[in-house]
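Protein chains: 4
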Amino acid sequence: MAVKKGDEYIASLKDLHLEANIMGEKVKDLPEHPLVAPSVRAVAATFDCAHDPEGRKLLRTQSSLSGEEINRFTHLHQSTEDLINKVLMQRYCGNATACCFQRCVGMDAANAVFSVTYECDQEHGTDYHQRFREYWTRVQSEDLVVDGAMTDPKGDRGKRPAELKDPDLYLRVVERRKDGVVVRGAKLHQTGMLNSHELIVMPTMAMRKGEEDWAICFALPTNTKGISYIYGRQSADTRKMEDPQFDVGNLRFGGQEVMTVFEDVFVPNERIFLDGEVDQSGKLVERFAAYHRQSYGGCKVGVGDVLIGATALIARMNGVENATHVRDKLVEMIHLNETLFSAGIACSALGHETPAGNWEIDMLLANVCKLNVTRFPYEIARLATDIAGGLLGTMPSAKELDDPVTGAHIRKYLAAAEGYDVVDRMRVLRFIENIVVGAGAVAYLIESVHGAGPPAAQRIMIGRQGDIEGKVKLAKRLIGIA
Amino acid sequence: MAVKKGDEYIASLKDLHLEANIMGEKVKDLPEHPLVAPSVRAVAATFDCAHDPEGRKLLRTQSSLSGEEINRFTHLHQSTEDLINKVLMQRYCGNATACCFQRCVGMDAANAVFSVTYECDQEHGTDYHQRFREYWTRVQSEDLVVDGAMTDPKGDRGKRPAELKDPDLYLRVVERRKDGVVVRGAKLHQTGMLNSHELIVMPTMAMRKGEEDWAICFALPTNTKGISYIYGRQSADTRKMEDPQFDVGNLRFGGQEVMTVFEDVFVPNERIFLDGEVDQSGKLVERFAAYHRQSYGGCKVGVGDVLIGATALIARMNGVENATHVRDKLVEMIHLNETLFSAGIACSALGHETPAGNWEIDMLLANVCKLNVTRFPYEIARLATDIAGGLLGTMPSAKELDDPVTGAHIRKYLAAAEGYDVVDRMRVLRFIENIVVGAGAVAYLIESVHGAGPPAAQRIMIGRQGDIEGKVKLAKRLIGIA
Amino acid sequence: MAVKKGDEYIASLKDLHLEANIMGEKVKDLPEHPLVAPSVRAVAATFDCAHDPEGRKLLRTQSSLSGEEINRFTHLHQSTEDLINKVLMQRYCGNATACCFQRCVGMDAANAVFSVTYECDQEHGTDYHQRFREYWTRVQSEDLVVDGAMTDPKGDRGKRPAELKDPDLYLRVVERRKDGVVVRGAKLHQTGMLNSHELIVMPTMAMRKGEEDWAICFALPTNTKGISYIYGRQSADTRKMEDPQFDVGNLRFGGQEVMTVFEDVFVPNERIFLDGEVDQSGKLVERFAAYHRQSYGGCKVGVGDVLIGATALIARMNGVENATHVRDKLVEMIHLNETLFSAGIACSALGHETPAGNWEIDMLLANVCKLNVTRFPYEIARLATDIAGGLLGTMPSAKELDDPVTGAHIRKYLAAAEGYDVVDRMRVLRFIENIVVGAGAVAYLIESVHGAGPPAAQRIMIGRQGDIEGKVKLAKRLIGIA
Amino acid sequence: MAVKKGDEYIASLKDLHLEANIMGEKVKDLPEHPLVAPSVRAVAATFDCAHDPEGRKLLRTQSSLSGEEINRFTHLHQSTEDLINKVLMQRYCGNATACCFQRCVGMDAANAVFSVTYECDQEHGTDYHQRFREYWTRVQSEDLVVDGAMTDPKGDRGKRPAELKDPDLYLRVVERRKDGVVVRGAKLHQTGMLNSHELIVMPTMAMRKGEEDWAICFALPTNTKGISYIYGRQSADTRKMEDPQFDVGNLRFGGQEVMTVFEDVFVPNERIFLDGEVDQSGKLVERFAAYHRQSYGGCKVGVGDVLIGATALIARMNGVENATHVRDKLVEMIHLNETLFSAGIACSALGHETPAGNWEIDMLLANVCKLNVTRFPYEIARLATDIAGGLLGTMPSAKELDDPVTGAHIRKYLAAAEGYDVVDRMRVLRFIENIVVGAGAVAYLIESVHGAGPPAAQRIMIGRQGDIEGKVKLAKRLIGIA
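Protein chains in written order, with the working numbering: chain A, 189 to 670; chain B, 189 to 670; chain C, 189 to 670; chain D, 189 to 670.
Some clues are possibly wrong.
With a straight-line cut-off of 20 Å between C-alpha atoms, the simulated SDA-like cross-links for lysine to any residue are [stated by the list, open to error]:
id	chain 1	residue 1	chain 2	residue 2
1	A	Lys471	A	Phe454
2	C	Lys664	A	Ala605
3	A	Lys193	A	Val370
4	A	Lys664	C	Val508
5	D	Lys413	D	Asp612
6	A	Lys587	B	Lys216
7	D	Lys216	D	Asn411
8	A	Lys216	B	Asp591
9	A	Lys664	C	Asp612
10	A	Lys661	C	Gly243
11	D	Lys347	C	Gly243
12	A	Lys193	A	Leu246
13	A	Lys587	B	Thr426
14	B	Lys413	B	Val370
15	D	Lys661	B	Val610
16	B	Lys600	A	Val370
17	C	Lys661	A	Ala604
18	B	Lys347	A	Ala605
19	C	Lys600	C	Asp612
20	B	Lys661	D	Asp612
21	A	Lys193	A	Asp240
22	B	Lys347	A	Gly470
23	B	Lys214	A	Glu430
24	C	Lys661	A	Arg515
25	A	Lys347	B	Thr512
26	A	Lys397	A	Gly470
Only part of the chain A face toward chain B is listed, based on derived beta-carbon distances under 8 Å [stated by the list, open to error]:
id	residue
27	Asp195
28	Met447
29	Glu635
It should be emphasised that the hints constitute simulated quantities derived from the structure, not laboratory data.
Just so you know, even glycine gets a beta-carbon here, dropped at the ideal spot from N, CA and C.
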């Protein structure tokens, strides 16, 4: 049953009967809720992409576990070509949705867990890798959406987990049983969690001796008893709940952020992939982060493409398409967007095989990729704002269009350049607004800064991976000193 | 009755009985409407500032027209000290509101109209200047809020007004009577229009021979028959309408943008300050724009101060205040903010007297000021986002706090560093969100790009004012060529 | 005799008996001249790299023409792996020399001429491609250095070649004979020309109908009668002529720029690869430029590595290695350098086969690569200057070290941190100076801006290749407008 | 004899009979030495500026000590107008010389010493202030050039002076006598030292209890026994020694950097202005640095003006003046240059009176000024390089012009756009080269980073002066938390 369609996915999601609190209220039929539906559609779009003529080339591949055809979002990468295709797929899906389509994080978690469990077994004599292979084979064959859960709340960041008044601020094992463990804690910023069938929990940082209880990695169905969810707000989110007009900007798609709480949840042994092997935890964090930093070189670039397109379109509608400075700003937007993409591709092209047999990106360049992502979208958004014009912040509601008086005023005075419809122009402006200051800005700007770790995390990795010592040697050789 | 208090201002505003359409509905009691009230409070704050111990030093001055004590927002600047104090006052009000307090535009219009009418009279034998003096004397003595209305809709920007299918896309005189003129058209992006007693209409660009009907400048009460208003939307604006909790971010204050339509409105002669003297129109645009570009070196800096403060505060609450990179980013934010301020001060300090006797900023540096404003707030917002953390895009609604289950989860897991309250931390995050992607971003980011003209307009002025020819001469002299 | 060593190359170069004017004097024994020798050594280093254990893996490959092992600098790329290896090789050589090693341009010209001649033959029935294959087979087997000559002097850039008073300002055919053509003109900025055995002349831009005489591409030995050379100056170039001490900074290596004049030079038919097919000229320019823009993603990154290494080293010598801001600046330098590299790799990884069978980079990303190169080295140089300290601009001459008094003063007062030698510290400072403001800055800064075309040229290409129309379609689909 | 002319200054300088080592050789007739003469002329130009019609308005003022007319370079500032005029004067002199004219540092030192000695006397009962008034009255009346000497060699920056193996690495008192002290040590980066009549030594940083010997401030004539000088090299410095042709770029002017060594030099009591009062040392450093950081908002802007002019000129000569991107880059250069200027003016306009009665700049904005100076000149230089073209790095020597063959080639092929002379074009290119990578780059780039302290020093001050606590309070008030 591999390679589901979007509607099959939605049906399977509804079967989970997930519940969550949204803006203070318990919601049961989540996929139908107006704040949730756009995010469900965005995930569903990744399934449909695997069925459209162009997308199927990118989104389908052969499983290394089962040999069957699978959706690439569940793939364990087998080559640099696979790594490149991953980035191309993400750009493609970003093009299709102009928002966060939420499905990368499980793929990135799986590839990290796959290689780390292998190495852990080698070093510690554990059997996590085989467990994970079995688990993931099912994910592939059922084409499941899996969320990866890493970020702990932390509280005071100056303290280690055991030093905190409340040790639960890092998710931890509170009880060990013969058949499994019981965990307590929370994971923040869970993108697309309520659109996922499964979740994989990972530690949030390198744990040290004495912090074994926090060095836990496992998978569970999202509808497991004891896990509860609170929906995150986004700027301008309630426009999704307004009468169905276009002020929402992105008509069909949107993101989803969820706070996930584990209240003494039981995890059976076969779902545990790390438990107390503190020396493996840092590696797991770094690898997952690096895969996910690569991802941003695809998905955000895909959103950037659409933003550039919308900006070129509004320039035409404003009658300024041929102004040199407008042309030049579009070129700059493309340049920045392609620079982001370049590092996504480069870290893929220079990837390497892990001992476990899947392929890993170049760690240095994946971090370089993400560090650029923390910067350039702001510049791209600024240029889009510049070209779009002040209406981005002052345009009346689409609801006015139904008013005989104000509707007429708007149609008369917001007139576009000849050949363009005034309401189309308003739609384009709302679409741009969505990405630069609206609900879409959560994914395009805030997530670009913090997703897969904030800039400081990338800088630390670049410092470590940048081989400063090797560069000093090059300089010494040329300068002629020992 | 000069130097009103905030509540006096609000009372006087209510007396105008202004009406507008907001999100498709006619609203009569505007100042009470939840989307409008924060903007009224922001204007009222500028009145109250003139009564607090520190603010009164900045906000009160002596009228050059009447000799009476007036609010500086109605002042005709009499020295470089006045110009500097204007910027300091704007920073002060930005500090008090963290949003656009809307009252600068009338002050900037008045100073431009004052000098241009004087020169027009000299050159054309008109009597506009005396008319304007009388008009403005009343504004000062009644401490009125005046909006300046410049931006025409334009439609296809590649065409001159008369070439457009609809010549009303630039506001114009459609009838000339003995006692006045009748105008038709619209003005977009009217910041604070519905919080103003009066409006001054100015042409949107330099008009040419044959475009006399579009070269019109006049003042009218905002509640003049034939003028109608449509309220502009802002990102996340409806949070102002939610149950009074803190998700709105800025609890008390906010901005206001209005589309203003003139349907064959009569303007009596004594309110007309330019009518057909096309050679004066470009000068008027340039001067108003330059005064308004100076303004941004004060007001946006004031908002920036508060954003920096909130960012420093959230760093403490996250327990990362002492991380070197956090400290360094705060320093960078301050540096950028003070660079904006520097050009605001510099264009004031190097100002000069006009033939009419009021003082004008240095035109080059005022444009330099604004061009920096089109850039640095994006960088400051990015750094604020970086330090604040991912919760900026994922935090649950404040409404959850009332839920016994999710409220408890949030209080447990969003815990701040020791000594800080979890709900306070959430409030600070919402405040930052407001400015970087919420309703406040309209003023802090979009308006920073487009207010007082987009970057391209500043670049044209810098090219003109930058004395390239003089610089070429300096180079030639040193290089020794003729 | 393929895959020469450095000394074999130098011997073969001397056999050419090239002459040039250097600073107003005719020089006959060029490779011995102190201004030339460092540049000869830099080219020779690329030969030696093909013989060192690590370098041989990158620098040797199999010819697609002869099947023999050749130096990659003469290779016609056969895969994306080849394109990637080209960039890695260039970084490697940059690491070895910290200057422009001059050998890329012929490789880039050859790959462009190879595919364009093939297509020209298909379209015009010419036989250029076979001529070029024969020519290039010899280049490979003899491991020759070939310069590519593109930039015409142009004079007034506002005019087409035929409109100029002096039509020779674009190199052109002045006579057509049965056995060949006679050309006149000049090529500027010829990097490494006097260290080359051969030169390939290409048109400088897309020629149009009526400009057939300027649409000429051919190859000649550098010692052909009628070609004369004038040596270009570099900042601080004469330090290479000073008593052999270390003030020169880069002790062994340096660049070379030459103005090349063709005074009615005969080109035999078998050396002509384009003659009057104006429709092919633009393509040739674009392809050569794109290959060469890719190159900068390797060679400048290689120099950047050494500059970063020298900067880390001077930080240690100054005792500030562990200062957070120093560490952070080193990370930023690495980040920028690897961003340059990323686009070099990405345009290679996404390369494609040409109809002629060799491989071409992705044209968009190659231009993105170079546009970043026009920016980031300035920032890297600024950061290096920041860390190195003011001595970069104030340090006394190394000649002082021999003076008993001042030498002692310098040794006492320029003392490095413990464990580091004062003279070593001075050497490192001179090395950095070389790259940021000295002779090396010609390659690292000026050439980074102008080599392979200035920023404006890359922007034009990005505008053309960026598929704005496709992006508009993506936006329209999501916005729901036709 | 106040307000000397340039030739009077040169005569008085020669009377000092200063000696120095230059490139390993003892030089006695310093002002005639080709490496020194341009720097003498640059200082002399500041004297002549006080005699030209425009300059005299800026450069002459009334002494607050004697009431006589003096050169502003010796002035103790008496108002914000004085502070602004200082910046205008520096821009004017930068316009006149396009290099470092070296005379600011003594003015900045004097203003700092003036106020610190006053406060020291108040706190410690010393009589330094009166000593300094007497000393400086003579400086003013004789219109002397005074160098300020601050930067100690430091060695390992991780250590305090007393912890170093060689305590002389910070200049210190080695003997105390009844009539004065004996000092030993060195001062690096002494701009214009050998063109000065006097020098004022100040401590290099805030000293602590136990470091009294290093807390020393005094003045001496430059030709005092025991002080010796070693000349610093600049990139491309020896072009000043070449046959007098224009390859030097800046034909008449240049900078000067000197290493100054004090070998047990006696300082009489009346020349001592601080001796052991460690609590005053940090204040002295901060004030001097702040005045000097203000200076950069004038002098570097002045050089920037000429660079912009030369760039506009070369654009004309290349026939690209009207290309939109060229125009746009010139606008950007002006914008950046005026942003530097703005902070110079702003810190002056917001200056305040010190207890001693002279005027001090706003400390925060002076640091903001300098931090921008550490950045924008690199961007301006990059844009100049972009517009100037590749010839900046490849142009043959001016010496070729005398060669009948190559001279003719150059004249033919480097032809400028119509109406411009080829040799003039070459001169302009050399002038730009001087500033962006030549001898002038020492002042325009390296000194812009390090003069008056490196970026990290400004960041520390901005962090201290930025009133983060006050900003936190603003935020708390608006957010409604205690």
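Results of checking the hints against the structure:
1. A:Lys471 x A:Phe454: violated (25 Å)
2. C:Lys664 x A:Ala605: Judged against 20 Å, a Cα distance of about 17 Å means the pair holds.
3. A:Lys193 x A:Val370: violated (35 Å)
4. A:Lys664 x C:Val508: Holds, at about 18 Å.
5. D:Lys413 x D:Asp612: violated (47 Å)
6. A:Lys587 x B:Lys216: The hint holds at about 18 Å.
7. D:Lys216 x D:Asn411: Judged against 20 Å, a Cα distance of about 12 Å means the pair holds.
8. A:Lys216 x B:Asp591: This hinted pair holds, its Cα atoms lying about 16 Å apart.
9. A:Lys664 x C:Asp612: holds (9 Å)
10. A:Lys661 x C:Gly243: holds (16 Å)
11. D:Lys347 x C:Gly243: Not OK: D:Lys347 and C:Gly243 at ~43 Å, beyond 20 Å, violated.
12. A:Lys193 x A:Leu246: Distance of about 15 Å is within 20 Å: holds.
13. A:Lys587 x B:Thr426: At roughly 14 Å apart (the allowed maximum being 20 Å), B:Thr426 and A:Lys587 satisfy the hint.
14. B:Lys413 x B:Val370: Between B:Lys413 and B:Val370 the Cα gap is close to 12 Å, so the pair holds against 20 Å.
15. D:Lys661 x B:Val610: With Cα atoms ~18 Å apart, D:Lys661 and B:Val610 stay inside 20 Å; holds.
16. B:Lys600 x A:Val370: Within the cut-off at roughly 19 Å; holds.
17. C:Lys661 x A:Ala604: holds (19 Å)
18. B:Lys347 x A:Ala605: Given pair B:Lys347, A:Ala605 holds - Cα atoms ~9 Å apart, limit 20 Å.
19. C:Lys600 x C:Asp612: Holds - the C-alpha atoms of C:Asp612 and C:Lys600 are around 14 Å apart, at most 20 Å.
20. B:Lys661 x D:Asp612: holds (14 Å)
21. A:Lys193 x A:Asp240: Since the Cα atoms of A:Lys193 and A:Asp240 sit roughly 10 Å apart, the hinted pair holds (cutoff 20 Å).
22. B:Lys347 x A:Gly470: Violated: B:Lys347 and A:Gly470 sit about 62 Å apart, past 20 Å.
23. B:Lys214 x A:Glu430: The hint holds at about 18 Å.
24. C:Lys661 x A:Arg515: holds (18 Å)
25. A:Lys347 x B:Thr512: Holds, because 16 Å separates the two Cα atoms, which is no more than 20 Å.
26. A:Lys397 x A:Gly470: holds (12 Å)
27. Asp195: violated (28 Å)
28. Met447: holds (6 Å)
29. Glu635: holds (6 Å)
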